[in-house]
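J.: Residues per chain, in single letters:
There are 2 protein chains.
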Amino acid sequence: MPEPDRRTLPPGSVIGILGGGQLGRMLSLAASKLGFKTHVYCPDPDSPAFHVTDRRSLAAYDDAVALAAFAKTVDIVTYEFENVPAETAAALVAHVPVEPKPSILETTQDRYAEKSFIRRQGLSVAEFDAVSSAAEVEAAAARIGYPCVLKTRRFGYDGKGQAVVDHPSGIARAWLEIGGKPAIAEAFVRFSREISVIVARGRDGTMRTFDIAENRHERHILRTSTVPAAIGAATAKAAREAGLAVAQAFDYVGVLAVEMFVVGDGAAETLLVNEIAPRVHNSGHWTEDACQISQFELHVRAIAGWPLPVPRRHCDVEMTNLLGAEVLDYASFAAKPDVVVHLYGKSEPRPGRKMGHINRLIPGGSS
Amino acid sequence: MPEPDRRTLPPGSVIGILGGGQLGRMLSLAASKLGFKTHVYCPDPDSPAFHVTDRRSLAAYDDAVALAAFAKTVDIVTYEFENVPAETAAALVAHVPVEPKPSILETTQDRYAEKSFIRRQGLSVAEFDAVSSAAEVEAAAARIGYPCVLKTRRFGYDGKGQAVVDHPSGIARAWLEIGGKPAIAEAFVRFSREISVIVARGRDGTMRTFDIAENRHERHILRTSTVPAAIGAATAKAAREAGLAVAQAFDYVGVLAVEMFVVGDGAAETLLVNEIAPRVHNSGHWTEDACQISQFELHVRAIAGWPLPVPRRHCDVEMTNLLGAEVLDYASFAAKPDVVVHLYGKSEPRPGRKMGHINRLIPGGSS
Numbered sequence: 000m001p002e003p004d005r006r007t008l009p010p011g012s013v014i015g016i017l018g019g020g021q022l023g024r025m026l027s028l029a030a031s032k033l034g035f036k037t038h039v040y041c042p043d044p045d046s047p048a049f050h051v052t053d054r055r056s057l058a059a060y061d062d063a064v065a066l067a068a069f070a071k072t073v074d075i076v077t078y079e080f081e082n083v084p085a086e087t088a089a090a091l092v093a094h095v096p097v098e099p100k101p102s103i104l105e106t107t108q109d110r111y112a113e114k115s116f117i118r119r120q121g122l123s124v125a126e127f128d129a130v131s132s133a134a135e136v137e138a139a140a141a142r143i144g145y146p147c148v149l150k151t152r153r154f155g156y157d158g159k160g161q162a163v164v165d166h167p168s169g170i171a172r173a174w175l176e177i178g179g180k181p182a183i184a185e186a187f188v189r190f191s192r193e194i195s196v197i198v199a200r201g202r203d204g205t206m207r208t209f210d211i212a213e214n215r216h217e218r219h220i221l222r223t224s225t226v227p228a229a230i231g232a233a234t235a236k237a238a239r240e241a242g243l244a245v246a247q248a249f250d251y252v253g254v255l256a257v258e259m260f261v262v263g264d265g266a267a268e269t270l271l272v273n274e275i276a277p278r279v280h281n282s283g284h285w286t287e288d289a290c291q292i293s294q295f296e297l298h299v300r301a302i303a304g305w306p307l308p309v310p311r312r313h314c315d316v317e318m319t320n321l322l323g324a325e326v327l328d329y330a331s332f333a334a335k336p337d338v339v340v341h342l343y344g345k346s347e348p349r350p351g352r353k354m355g356h357i358n359r360l361i362p363g364g365s366s
Numbered sequence: 000m001p002e003p004d005r006r007t008l009p010p011g012s013v014i015g016i017l018g019g020g021q022l023g024r025m026l027s028l029a030a031s032k033l034g035f036k037t038h039v040y041c042p043d044p045d046s047p048a049f050h051v052t053d054r055r056s057l058a059a060y061d062d063a064v065a066l067a068a069f070a071k072t073v074d075i076v077t078y079e080f081e082n083v084p085a086e087t088a089a090a091l092v093a094h095v096p097v098e099p100k101p102s103i104l105e106t107t108q109d110r111y112a113e114k115s116f117i118r119r120q121g122l123s124v125a126e127f128d129a130v131s132s133a134a135e136v137e138a139a140a141a142r143i144g145y146p147c148v149l150k151t152r153r154f155g156y157d158g159k160g161q162a163v164v165d166h167p168s169g170i171a172r173a174w175l176e177i178g179g180k181p182a183i184a185e186a187f188v189r190f191s192r193e194i195s196v197i198v199a200r201g202r203d204g205t206m207r208t209f210d211i212a213e214n215r216h217e218r219h220i221l222r223t224s225t226v227p228a229a230i231g232a233a234t235a236k237a238a239r240e241a242g243l244a245v246a247q248a249f250d251y252v253g254v255l256a257v258e259m260f261v262v263g264d265g266a267a268e269t270l271l272v273n274e275i276a277p278r279v280h281n282s283g284h285w286t287e288d289a290c291q292i293s294q295f296e297l298h299v300r301a302i303a304g305w306p307l308p309v310p311r312r313h314c315d316v317e318m319t320n321l322l323g324a325e326v327l328d329y330a331s332f333a334a335k336p337d338v339v340v341h342l343y344g345k346s347e348p349r350p351g352r353k354m355g356h357i358n359r360l361i362p363g364g365s366s
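Going down the list, the sequences are from chains V and F.
As numbered in numbering that gives the first Met the number 0, residues 0 to 366 make up the first sequence, in order.
As numbered in numbering that gives the first Met the number 0, residues 0 to 366 make up the second sequence, in order.
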């Protein structure tokens with residue numbers, strides 16, 4: 000008898016989504032397009048995904064009663080972000096299938112575990128070491144070299160929990176800056192480009208990759224993703240393979256992103272894997288308008304056991320995040336015929352907050 | 000001071016939608032993409048649009064209290080179908096802007112008024128006459144010729160309320176068949192093709208058309224729309240112009256569809272306008288996947304006073320409706336990489352019911 004969580008979910012099934020931000024919102028929209036209902040669970044009453052879902056649970060991630068009630072209303076649970084508490088996921092698994100598997104979060108929620116996992120797959124990463132005191136930072140830095148970067152092992156995102164150490168004299172300050180928490184010390188990478196690959200993997204092991212995006216960050220926040228990336232064919236192939244290796248090693252079901260650094264140029268290009276996001280990813284938003292299928296729909300199809308078509312890109316594209324008050328210029332973006340506007344319905348345009356994105360379509364290219 | 004209903008609606012505004020079927024659902028999804036909230040009003044508890052909206056009103060169209068409460072929660076009202084009772088629309092107009100203007104419904108809800116309106120725009124229609132008795136049918140048919148078609152003036156759709164009359168002896172039966180209601184008698188058109196144009200018109204009078212679709216009906220229900228239509232350039236131009244003339248004459252705001260017959264072939268092609276749908280239309284569903292902007296988004300933008308980009312088609316496309324139990328084959332459609340699947344989340348696949356549609360993308364063409 001097939002296991003219950005290996006069934007194909009028919010249209011009309013209910014997909015539970017942990018997290019009500021823009022990723023949950025776009026997952027809900029993609030699920031709706033396939034005839035699924037969604038139920039969004041989020042502790043924030045101002046969750047943009049609440050506007051586009053059939054059911055909502057406004058409750059804390061450690062509310063066992065609310066989680067159990069939520070689990071009863073859904074056929075499968077997925078999530079929009081990797082910091083779902085492990086206990087939350089575990090509580091749900093007792094009641095309902097959860098994809099991707101919560102055990103993966105244990106790896107990706109801890110930078111040291113994550114980097115170690117990546118290295119075990121035979122992929123290159125920047126030199127790193129676990130550190131839990133200023134003295135350990137000094138020892139690690141002596142080995143890795145200066146400058147190096149301190150990054151907290153847990154709950155870092157968009158550059159939060161990071162500090163650069165240029166010289167032994169800066170260690171004490173940097174250690175304070177990251178809150179004196181368990182961290183890794185990592186070699187500072189002088190990259191030529193940042194890229195990412197979006198991978199989907201189905202229940203039957205089928206894997207798909209989208210074309211490689213080239214990403215530009217500003218103050219640690221993604222600003223643009225451009226496709227195709229200006230990298231050699233061999234580098235693009237290696238980047239896809241890195242994504243596939245990660246998905247395969249996790250026995251992953253759903254969409255994940257692998258962010259990488261390209262070091263060197265031309266024939267000398269090499270790759271260092273930076274991090275894994277076990278979810279749909281900002282650097283995959285371009286797929287919504289430049290392909291016949293988006294990362295959001297591929298994720299929904301993967302967890303639902305549906306077929307995963309090979310993504311086809313029909314044009315080149317540049318995605319730009321709209322941060323904070325930039326969203327107020329929506330009318331000027333909306334006036335450009337080659338620009339597709341996506342707004343998240345967030346009420347307050349706080350500085351640096353991701354309020355929407357635009358995809359500028361560049362006819363000509365395709366894959 | 001500008002009139003309140005001429006303001007541009009910012010993201011976060013609430014769009015009220017009368018009708019909760021698949022068109023309301025896809026309007027709601029398109030509005031969400033632009034950061035709007037939606038509130039769907041529908042008397043049917045099993046409304047697919049209810050699954051993807053921020054707020055729902057489950058109430059009858061003649062429930063004045065519910066309509067007034069609905070009006071208070073929204074910034075503008077639009078509708079997914081043309082049979083909204085005139086009193087409903089009028090009750091709303093007292094409280095809130097309604098687009099397209101309800102007065103247009105008075106014309107399109109009555110085939111005689113509609114055909115007369117079309118003819119006044121200088122557009123060709125099949126010969127027709129108003130009839131309200133079997134005797135009047137006989138007189139009209141004598142003028143128009145046999146065969147002719149009886150169509151009830153009001154509430155006809157998907158072939159309901161229609162009967163063909165081949166000979167004077169068939170009049171009594173046909174008159175009974177359509178329920179003995181006020182009707183038009185219309186010349187039977189021996190068309191070579193059926194086509195439609197989707198037009199968007201903004202508050203400032205800006206107009207856009209999509210490429211002409213060629214439509215195939217089965218048992219009066221749309222089966223496929225293929226783009227581009229296999230018609231001459233002059234015919235396509237005339238079809239666009241017919242759409243623009245109708246939108247202009249109505250001082251229309253939003254998206255409408257004009258369905259036409261092509262009579263003759265090649266250089267002898269001529270057009271007869273068949274009917275107007277003052278709403279997004281089934282023959283425009285191909286726009287979701289073959290253009291950078293869909294009919295649904297253009298409708299939302301038009302009523303919200305946003306810019307209307309020129310639609311650009313990046314491939315040829317064939318839309319096929321999934322009727323009744325055909326939807327159960329969703330997995331086989333979903334397995335084709337060139338097919339985009341749209342399911343409406345309706346619970347019961349009754350025979351002939353529109354359960355979803357697929358867009359088959361055909362690379363190569365573009366506009």
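Take the hints with a grain of salt, since some may be wrong.
Any copy will do: because identical chains look the same in the list, a pair fits if it lies in one copy or spans two.
Dumping the calculated DSBU-like pairs for lysine-lysine here, alpha-carbon to alpha-carbon at most 30 angstroms [stated by the list, open to error]: (1) Lys236 <-> Lys335; (2) Lys100 <-> Lys335; (3) Lys335 <-> Lys71.
Worth flagging that the hints you see were computed from the coordinates, not collected in a lab.
J.: Take the hints in turn and mark each one as holding or not.
T.: Now for the hints, and whether the structure bears them out:
no.	hint	verdict
1	Lys236 <-> Lys335	between (34 angstroms within a copy, 25 angstroms between copies)
2	Lys100 <-> Lys335	between (41 angstroms within a copy, 28 angstroms between copies)
3	Lys335 <-> Lys71	neither (45 angstroms within a copy, 33 angstroms between copies)
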